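Visitor: Start from the sequences and build out the full structure, keeping to the hints where you can.
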Amino acid sequence: MLQFEALIGAFLILIVVFIVVSILINALFLGVALGFVNGQNRELGTTFVTALGMALLGWIPILGCILSWYLIKIRHNVGWGGAIVAWLLCGFIAGIVVVIIIFVFLGGIAFLLPTTFTWTFTFT
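According to this note's numbering, the sequence shown holds residues 55 to 178 in order.
Hints should not be assumed to be uniformly reliable.
To be verified - DEER-style ranges, computed between Cβ atoms:
hint : residue 1 : residue 2 : range
1    : Gly-99    : Leu-121   : 19 to 27 Å
2    : Val-158   : Val-86    : 15 to 23 Å
3    : Tyr-124   : Gly-89    : 29 to 37 Å
4    : Val-158   : Gly-135   : 29 to 37 Å
5    : Tyr-124   : Phe-90    : 16 to 24 Å
6    : Ser-76    : Leu-121   : 18 to 26 Å
7    : Val-86    : Leu-56    : 44 to 52 Å
8    : Leu-61    : Tyr-124   : 40 to 48 Å
Unchecked claim - Taking lysine to any residue pairs in the SDA-like style, the calculated list, with each CA pair at most 25 Å apart, reads:
hint : residue 1 : residue 2
9    : Lys-127   : Val-139
10   : Lys-127   : Phe-90
11   : Lys-127   : Asn-95
12   : Lys-127   : Ile-114
13   : Lys-127   : Leu-110
14   : Lys-127   : Phe-146
15   : Lys-127   : Ile-155
16   : Lys-127   : Thr-100
17   : Lys-127   : Leu-78
18   : Lys-127   : Ser-76
19   : Lys-127   : Ala-148
20   : Lys-127   : Val-74
21   : Lys-127   : Pro-115
22   : Lys-127   : Leu-160
23   : Lys-127   : Gln-94
24   : Lys-127   : Leu-117
25   : Lys-127   : Val-75
26   : Lys-127   : Arg-96
27   : Lys-127   : Ile-79
28   : Lys-127   : Val-86
29   : Lys-127   : Val-103
30   : Lys-127   : Glu-97
Just so you know, these hints were derived from the structure itself, not from any lab. All figures in this text were calculated on a predicted structure; none of them were measured in a lab. Ideal Cβ placement from N, Cα and C applies to all residues, glycine included.
Guide: Spelled out as structure tokens, the structure:
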């Protein structure tokens, strides 16, 4: 039974590490996105706290988006438009990075396209 408890403990540690790393990556993307809207306080620590708040507030339907925008607006001294643009750019940059990783590590466009097939026609 001790092995099962150790396995569960290791699994929980892995989950916590995954969550912290994903928030850290989101903070890096948010820092880049804030550069496009002339946001202040773009240091990693500040954007990490903002990304953590966004992760905690993002679970609330509809209101989570508005609270995330408000958090960006208040913490990084941008207007509502700048906060929305930074929030959208953060997701867009993350999507671009995922596509680049797919192209580099998983065979590029061949991974995204279906396998080749040939048409066969039978004339009778």
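Visitor: Against the structure shown, which of the earlier numbered hints fail to hold, in ascending order?
Guide: Going through the list in order, the structure violates hints 3, 15, 22 and respects the others.
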